[in-house]
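Student: So the sequence lines, in the order shown, correspond to chains W and G. Residue numbers for the first sequence follow the working numbering, so the first one is 263 and each next one is one higher. Residue numbers for the second sequence follow the working numbering, so the first one is 2 and each next one is one higher.
Bear in mind the hints are in silico, worked out from the structure with no lab data behind them. Keep in mind it's a predicted model, so treat the numbers as computed, not measured. Check each hint, because a few of them may be wrong.
Below 25 angstroms or equal to it, Euclidean Cα-Cα: the simulated DMTMM-like pairs (lysine to aspartate or glutamate) are [to be verified]: (1) Lys-368(W) / Glu-528(W); (2) Lys-613(W) / Glu-80(G); (3) Lys-42(G) / Glu-11(G); (4) Lys-226(G) / Asp-810(W); (5) Lys-255(G) / Glu-560(W); (6) Lys-179(G) / Asp-126(G); (7) Lys-29(G) / Glu-611(W); (8) Lys-42(G) / Glu-643(W); (9) Lys-179(G) / Glu-93(G); (10) Lys-226(G) / Glu-155(G); (11) Lys-100(G) / Asp-126(G); (12) Lys-613(W) / Glu-81(G); (13) Lys-179(G) / Glu-643(W); (14) Lys-212(G) / Asp-250(G); (15) Lys-398(W) / Asp-810(W); (16) Lys-255(G) / Glu-239(G); (17) Lys-688(W) / Asp-250(G); (18) Lys-255(G) / Glu-81(G); (19) Lys-613(W) / Glu-77(G); (20) Lys-226(G) / Asp-126(G); (21) Lys-100(G) / Glu-81(G).
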Amino acid sequence: MTYYGGHRGRSAGVRRGRTWSIAALLFLIGQLGIPLLGLAQDAASTAATVAYRDIPQLGGSRNIIWVIAQQHLLLAGFVLGVPIFAWVCEIVGVRTGDKRYDKLAKEFTKLLTSAYATTALFGGILLFMLLGFYPKLMAYLTDIFFPSFVVYCALFLLETVTLYLYWYGWDVMQGGGRKGLHLFLGFLLNVFAFFIMIIPNSWATFQASPVVVAEGSALARAWAATWNPTWWPVNVHRLIANVVLGGFICGAYAGMRYLSANTHEERVHYDWMGYVGNFIGVFGMLPLPFAGYWLMREVYQYNQQMGITLMGGFLSWLFILQAMLIGVLFLGANYYFWLGITHRIEGSEVKYRRPIMAMLVILLLCLGVWMTPHSLVASLEEARRMGGTHHPLLGVFGVMSAKMTVVNIMILVTFMSFIIYWRAGKVETATWAKVAQKVMAGVLGLAAIVVIVLGVWGYFVPAIVRINYFSVVQVLIVLFVLVTITPLTGLLMKSARTTTEMIWGRMPPRAGYALVLNAVMVILLMTLMGYARSSSRVHWHVYGVMRDSSQYAFSPALGYAAAFMSLNTFVFCLLVAFIFWVATMGDKTKTMEPETKKKLPAGAYPAMAGGSPTLDDRNKQ
Amino acid sequence: MKGGLLLKGEVLLKKCGVFLNRGGVLLKGVLLIVGLYLFLKFILPLFTAPLPANLIFLYLALTVAGIVIFATLSSESTEEFFGPIVRFLNGERQTGPMKIARLLVLVLFPLLVGWQTYTSTVPSDMPPAESRTIHPAPPGEFVGLSNPIPNTPENVMMGKGLFAAFCSPCHGANFDGKGPAARGFNPPPANFVDSGTIAQLQESYLFWRIKKGGVGLPIEGMPWKSAMPRWELELPDEWVWKIIMGEYDGAHQKPRTWE
Numbered sequence: 263m264t265y266y267g268g269h270r271g272r273s274a275g276v277r278r279g280r281t282w283s284i285a286a287l288l289f290l291i292g293q294l295g296i297p298l299l300g301l302a303q304d305a306a307s308t309a310a311t312v313a314y315r316d317i318p319q320l321g322g323s324r325n326i327i328w329v330i331a332q333q334h335l336l337l338a339g340f341v342l343g344v345p346i347f348a349w350v351c352e353i354v355g356v357r358t359g360d361k362r363y364d365k366l367a368k369e370f371t372k373l374l375t376s377a378y379a380t381t382a383l384f385g386g387i388l389l390f391m392l393l394g395f396y397p398k399l400m401a402y403l404t405d406i407f408f409p410s411f412v413v414y415c416a417l418f419l420l421e422t423v424t425l426y427l428y429w430y431g432w433d434v435m436q437g438g439g440r441k442g443l444h445l446f447l448g449f450l451l452n453v454f455a456f457f458i459m460i461i462p463n464s465w466a467t468f469q470a471s472p473v474v475v476a477e478g479s480a481l482a483r484a485w486a487a488t489w490n491p492t493w494w495p496v497n498v499h500r501l502i503a504n505v506v507l508g509g510f511i512c513g514a515y516a517g518m519r520y521l522s523a524n525t526h527e528e529r530v531h532y533d534w535m536g537y538v539g540n541f542i543g544v545f546g547m548l549p550l551p552f553a554g555y556w557l558m559r560e561v562y563q564y565n566q567q568m569g570i571t572l573m574g575g576f577l578s579w580l581f582i583l584q585a586m587l588i589g590v591l592f593l594g595a596n597y598y599f600w601l602g603i604t605h606r607i608e609g610s611e612v613k614y615r616r617p618i619m620a621m622l623v624i625l626l627l628c629l630g631v632w633m634t635p636h637s638l639v640a641s642l643e644e645a646r647r648m649g650g651t652h653h654p655l656l657g658v659f660g661v662m663s664a665k666m667t668v669v670n671i672m673i674l675v676t677f678m679s680f681i682i683y684w685r686a687g688k689v690e691t692a693t694w695a696k697v698a699q700k701v702m703a704g705v706l707g708l709a710a711i712v713v714i715v716l717g718v719w720g721y722f723v724p725a726i727v728r729i730n731y732f733s734v735v736q737v738l739i740v741l742f743v744l745v746t747i748t749p750l751t752g753l754l755m756k757s758a759r760t761t762t763e764m765i766w767g768r769m770p771p772r773a774g775y776a777l778v779l780n781a782v783m784v785i786l787l788m789t790l791m792g793y794a795r796s797s798s799r800v801h802w803h804v805y806g807v808m809r810d811s812s813q814y815a816f817s818p819a820l821g822y823a824a825a826f827m828s829l830n831t832f833v834f835c836l837l838v839a840f841i842f843w844v845a846t847m848g849d850k851t852k853t854m855e856p857e858t859k860k861k862l863p864a865g866a867y868p869a870m871a872g873g874s875p876t877l878d879d880r881n882k883q
Numbered sequence: 002m003k004g005g006l007l008l009k010g011e012v013l014l015k016k017c018g019v020f021l022n023r024g025g026v027l028l029k030g031v032l033l034i035v036g037l038y039l040f041l042k043f044i045l046p047l048f049t050a051p052l053p054a055n056l057i058f059l060y061l062a063l064t065v066a067g068i069v070i071f072a073t074l075s076s077e078s079t080e081e082f083f084g085p086i087v088r089f090l091n092g093e094r095q096t097g098p099m100k101i102a103r104l105l106v107l108v109l110f111p112l113l114v115g116w117q118t119y120t121s122t123v124p125s126d127m128p129p130a131e132s133r134t135i136h137p138a139p140p141g142e143f144v145g146l147s148n149p150i151p152n153t154p155e156n157v158m159m160g161k162g163l164f165a166a167f168c169s170p171c172h173g174a175n176f177d178g179k180g181p182a183a184r185g186f187n188p189p190p191a192n193f194v195d196s197g198t199i200a201q202l203q204e205s206y207l208f209w210r211i212k213k214g215g216v217g218l219p220i221e222g223m224p225w226k227s228a229m230p231r232w233e234l235e236l237p238d239e240w241v242w243k244i245i246m247g248e249y250d251g252a253h254q255k256p257r258t259w260e
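Chain G extracted, bound-state conformation (with noise of 0.2 angstroms):
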């Protein structure tokens, strides 16, 4: 029993090889194309959060260039590639379901081609794709500052003793952007342990940021969309850089320095 499935599975595999060397580099092109975008929109997501669009038709795009590339490197194997489909659109010696298949292509195409163009032309109601930018430079004034406060372990627990008061809710106990406030925002609170965030910017950015809040950032590449409060309005400056210090320290990120 066992004997015959492994005998079947055999064949089977056989028929794929077949079938895909019959095929030759369209066929296989066409197939690792269908494949890898249904393992970006489909499986990846089982795993982690789903992509944006445009980034699964800039994989798309990339693999398409890449297996143009490939198949056009000689001129047998150019021929392999692009033979199948032009003598297909020429309709050469064509009968029964292929010339039926052709006409479905050369009236669908052009259909397909104008939906596309009115679906990304026709108004619609859904906000447009953001194109955010994270880190807007800041104001002269704050460029350069360095933190006047020493960094003792009583001052980094003072500065997690007063995030955790005024920051945790939303930037998590955590440090992770994942606080008790944090789902009611869009985008979420900066999640610092990642190293992509504080990791990159130096103190003065922080301060500057704490400070001013969203209202304060620059009209530069509007619309921001930050709902970080004024803090400048209810805390004094030395709590500020102590609350930094116990950012950095809590996140296990280092500040970013020139020297």
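Next comes chain W alone, as it looks inside the complex (with noise of 0.2 angstroms):
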């Protein structure tokens, strides 16, 4: 490659007959830019003799790297997921005319911008302390994918533009025939977007399943090494990952805003904001198993020591914390939306109380499946009674085929909650709507039956027909339960009487705090499973390419490394809540004005301080 741009800026300033004082300056520059390439050429020459650098006073390259990068991803987690809501949220409001979902699109928006500005912040610092700390590893892997380098540039530079567009132009863009042309923007957002997630992913997957070509273009070896067998996995993976994570942070910020509300509208606001995050958290959720279930697939088919270590060796004790933490996540949605029925719908609480109940109890039991792990936890004197550290009855519950079976049992009972809460408050009118709940129940019994009977019968019959067949079609029929359901309720709801009208607002403080754990247990769940799929690749840089051979290449414990999951989740949250505090600053100004600004009425508090209208009402008798 050469480099010319100070000759030609100085020949073009002659031939544009510019002053001659600025071609003396450029001449200058250029004089000055001639030692500066000497000393590059110097460093390039360092860079291929030291393969590390330390900061060990401030915790040691890795642990830096660690908290950094993680920022990194959580942060573009967020940015990535909410341009997918907002937009989703923006063609709802136009196709139903409802406005809230417009200006609920708009509010995260706004927190878009200064999100984004942050993660780009982070991706910095990230590359910089890279190029620090792995001068080796970065050379080798910018050999590899300088062309998609130069791609991931353009791409942001399309994204930033896309999104000021999006954002500036949200309120020109209303009226006139151009909301059209702003959803049109939204769309572009989020294609650039989900090519900003993929090219990174590239990266990272190649780290873990590298493909390299020694011959061919730049070109060449660039595609195959992007093209490597985990990529796709960790695409999709990924990307449901993101909307679930924005989602569940919408629901987060609405159940803080809701806790903190002073006035009757700003309570309706956010707790209709706080049950559409929780929507589109959950409704991510429920795919995501079978994307993580596909990626580990691939992980295993790519090299099976990895897999080991992952599922069955030193990392394994992570999946169950992982269970532990979804099955807070699946409680915590659950139990919102079971709070949005008694609460939000007068008289519901008697009618539904059983049906909750048992959902409750299933949930549980399958948890209690999920989280037994194969080899118990067990002191000298237990696992000698017990005849080992497998026991004889409840270590049937520690293989996949047990875990796969209550996964798709708690998917269900999810969405059956959902149902639940779209139909409480309604009478069916439809002359057929008798004949539909009885196919949906038979569906659904039908689907929880044979998904049991195929996880049984997954005891007997050789792996590969349990993770090929088995597994597949137990995915496929709870699937066929959402897509089959959904619409017919969807049906049977058009036509549906309102016998209770939904009452926004009234939920109590718990509710808030629901949504805030569901948030920080997707933000955990995320920093346990990036130490998983970092760790997987043990003691490479590239695996079986590239060996680590600093003093860091070693698997820190697993104590330790909760420790630095924890404080990552904590730095995330303590972030995520500097960006709306900066992001919604303007709107407590605009609230604070007196002619705007509708108080409660004396005596009456804020949800978090217990605050409710039955309370408001109350206060004022």
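Join the two chains into one complex using the hints; note that each chain is given alone, in its own frame.
Tutor: In structure tokens, the structure reads:
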């Protein structure tokens, strides 16, 4: 590659007849650049010899990279998930004519602008840190991926321009037939965001499952390395996970705003927003285990050793932690739905108490099975009494056949929670309603039975039959339930008569806390799985190709890692809180204006302090 | 006589029902927790092996979460659940035994927490609870190997014979990990009939474990506790592959494959 910028600038200056002084200045700059080129060459030769640098005083290079990379990834997940969320809300707003959706979409796009800058900032810090700490590895990766670096930069520019147009053009493009253009910008924003996500994914997945081609053009080598075995499974998994993260963080934001709301209007708005956030989070969460299963299957198929390290080896305990976190997430999401049924829809509590109890019991039983490890943590005495670390009865819960079955059942239960919520307070008036109800009950019951039968049968067939057929059939059955019951319920609800109007803003404070809990669980999950994905490479920078020969070429102990996961979660929550605070500072100033501020009557409290419309009414009396 | 007993039983049940209803969600929850604990700790071991303490704790924690979730669904049930606890701790209008009970709880609870903290941190001569990893990752050179011995009845029979000679003292003649020498080991030898052992693994994995034995286990996830001998010193590779065939056949399992 040749650099000729200084010379071209100088001759251009002469050609255009600009003043001599500018030309002289450019010349001087050009002269100054000559020694810099020499220094750059020195640096290049140094980089080739220095493999690692470190700052042990700040906790060591690996820990610094761990924190920065995790923050960047979490922020990126949020920044890429929210546009999907916002765009879908905008479309719903246009299609239904409900202005609330448009307001919601705009509110989150506003958060996006400040979050986007923070994400880019962490990306820049990460890049500098990587170049400084791991020059040899970065030189190797640059050599392979340079063409995709260029594409990535171009995409970043396009994404930034589109985001500015999307955000700043929101109000301008509301009328005059320009809404379509705005929606198109939202679509473009998501397309660019998708490619911005999958390009770095190729770098990270290459490190885990490299495809190294020694010959061919730079483009061909980059393309071969990009299209590595775990690239698409990670792309799909991250795309869905970003929607989940975006949804639950939006829910948490709404939860916090709901808890601190001072006016009834605010309560109504943020209660509704919390519902939408939770709904999108749950909606994304349902297919997420399937994507995760596919990813792990590809990992096993790429390298059995890596698969065993993850699922059977020293990292296998992470999957028990994962089960606990996902379990809490499932419970939290369902709890929020159930609170919505009992508090927003008058009279529903008595009607749905028993079904809720049944769903809760099923969820807890499934969770109990999911959390039961294959080899139990036992003292010497306990292991002796059990005859080993496998329990003769509960040991059967430890294998994938049981885990897959209960995950599918939990997804079905969560889906049913949503359906019940949807149907609560309405009476179906369609003539075919009873038949439809029977069909839906039949589909659901039959699906649950088949999932369980396949799960039990899975113990008696070769692993490959279970993995290739039984597990796939279980997933397809659950998806079939989702795609059959959802439109059927939608059709029923079109003609349904509302008996009890849904009242927003009546949720108790614990609903807001449940939303915050869900967001924290998702963040913890991402930090946990980030550690798992990275540690599965064990002592390799690029698995099987470039060995980690630094002093940190060991996997940190699980307790140590857990502390870092918590730290990362905490730091990210602080960052998000800061971003939200900055982004909504203007709103607070507006609401402080006396003519627009609608204070609650004397004696009424924010929800956080236990306030609710019922209490407000009581206080008035 | 019989009718009288039935009547008495009915009255007792009714009284229990009244008692439960008066106690509300809180009493039902407490009874459920106590009942579940008794079942897991004392009744289940009558039929199978006892559960480790941390698993019992896990199941009880799940149950508590479930009770709290269900009890806090509506404002009324929340009040029914937490009301008695709050009132008891506030000490509002308490007299006699309730007052003493409250004082006792306020004194004993911190002591209990202190005792728990003390017992969990005091140095002990007991070995710590194990979080054992069952399937360490094999070294790269063993990944993806396939059994070169044709799967014929003769080879399987020969494998079973070799298994009987070299492996069955520990892993048992029935492939269930209950050989005559098994009682001397903790953890016990693997039970191949269990669908969670060799059925989850490829033949190449078993080849590695048999050849390298306990001493060949990787440093990750240490310390390993395996008394498996390093059979590569005594058996040729061909015999090891045949033993693997015999093991799968005898345990009625199939090796994990990808095709």
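Student: Please list, smallest to largest, the hint numbers that this structure does not respect.
Tutor: 3, 4, 6, 9, 10, 11, 17 and 18
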